[in-house]
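Engineer: Quick note on this note's numbering: the sequence shown kicks off at 1 and runs consecutively.
Listed next, with one range per pair, are the computed distances between beta-carbon atoms:
1. 104 with 136: 25 to 31 Å
2. 112 with 276: 25 to 31 Å
3. 58 with 213: 47 to 53 Å
4. 107 with 198: 33 to 39 Å
5. 199 with 115: 46 to 52 Å
6. 206 with 255: 29 to 35 Å
7. 246 with 69: 42 to 48 Å
8. 91 with 174: 25 to 31 Å
9. 208 with 141: 55 to 61 Å
10. 189 with 210: 16 to 22 Å
11. 134 with 208: 50 to 56 Å
12. 141 with 91: 47 to 53 Å
13. 165 with 115: 16 to 22 Å
14. 213 with 55: 42 to 48 Å
Hints are computed from structural coordinates only; laboratory data are not their basis.
Cβ atoms here follow ideal geometry from the backbone N, Cα and C, with glycine treated the same way.
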Amino acid sequence: MESFERPFGDESGPVQAPMHPAWIRIMPCSIELFRTVPSVNPFPASWWADAFPEDDIWNEPVWCDPGDVDDWIAEASEHHLGASPEVIEKEAREEYDRATAERSERIDTFTTHCRRAGLPVPHTVRDLLEFLLALGLYRSEMREGKLFVAPQLYINPFDVLAFDKLEAIEEAADQRGDLEELTAIAIRRVGGVEYEFDDEGHFVLPGGAKSATVTVNLAALAEDAGVPAPVIRGMLMELAEDGDVAGSVDLGEVGIADDFALTASDDLLGGYPNDELLPPEHA
Numbered sequence: 001m002e003s004f005e006r007p008f009g010d011e012s013g014p015v016q017a018p019m020h021p022a023w024i025r026i027m028p029c030s031i032e033l034f035r036t037v038p039s040v041n042p043f044p045a046s047w048w049a050d051a052f053p054e055d056d057i058w059n060e061p062v063w064c065d066p067g068d069v070d071d072w073i074a075e076a077s078e079h080h081l082g083a084s085p086e087v088i089e090k091e092a093r094e095e096y097d098r099a100t101a102e103r104s105e106r107i108d109t110f111t112t113h114c115r116r117a118g119l120p121v122p123h124t125v126r127d128l129l130e131f132l133l134a135l136g137l138y139r140s141e142m143r144e145g146k147l148f149v150a151p152q153l154y155i156n157p158f159d160v161l162a163f164d165k166l167e168a169i170e171e172a173a174d175q176r177g178d179l180e181e182l183t184a185i186a187i188r189r190v191g192g193v194e195y196e197f198d199d200e201g202h203f204v205l206p207g208g209a210k211s212a213t214v215t216v217n218l219a220a221l222a223e224d225a226g227v228p229a230p231v232i233r234g235m236l237m238e239l240a241e242d243g244d245v246a247g248s249v250d251l252g253e254v255g256i257a258d259d260f261a262l263t264a265s266d267d268l269l270g271g272y273p274n275d276e277l278l279p280p281e282h283a
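Please construct the entire structure, taking both the sequences and the accompanying hints into account.
Structural biologist: What follows is the structure, encoded as structure tokens:
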């Protein structure tokens, strides 16, 4: 199973459990599996194996395999028509080196957190579930001899992991960056911003505009971003101070369900072209 593949469509029942955005950066790639649940209430821990009967799901590795650099070069060749083979190979190798370095750094950081918590380092999906239970990001109970679990992934890493002073400062900054990215993505998606990528892969608004004005409300932005509306309000107020957005209303006073016009810069919108937060090596 691909680590970021959604096992079900929205219409088939399972839901995405609320998860603090920081876990996408901190946890192994397979945390996405445990974000997909039949319910936020307790359910059989065997559910994932039942959902993927053809996969040996519990023995899957927790980290994505980046594959071979030749595969990256071949894929880049398919998407960069017109560029010379030498340029394509050079850029593909640089991107491969970046992604594998990011992956190695994340593994090292995660391993450090495991050891500080006095918990074994997870290597398989089964190990990761046990880790989540031990850390309190999942809770469990026994029912008629069967293990039932329920997600608590909304917990902030600061509440369950140990950070030194410098790490805490960096994590706080990273969490602020996560919220900015989620807010920018939500503005683009909820507002239906039209855009394209030029021949060099750069984000471009229609006519080369430097900003886009859309109609949104805090409730819709919060739902899309998966964070509380007051958090979105605070992020918009910060972005307004930085000149990245401007509202037709007082962002600090507008009602959560009230529509308003919001103008966002192309730098903000184009800085986050993905539709969701991704681990650093996948971004």
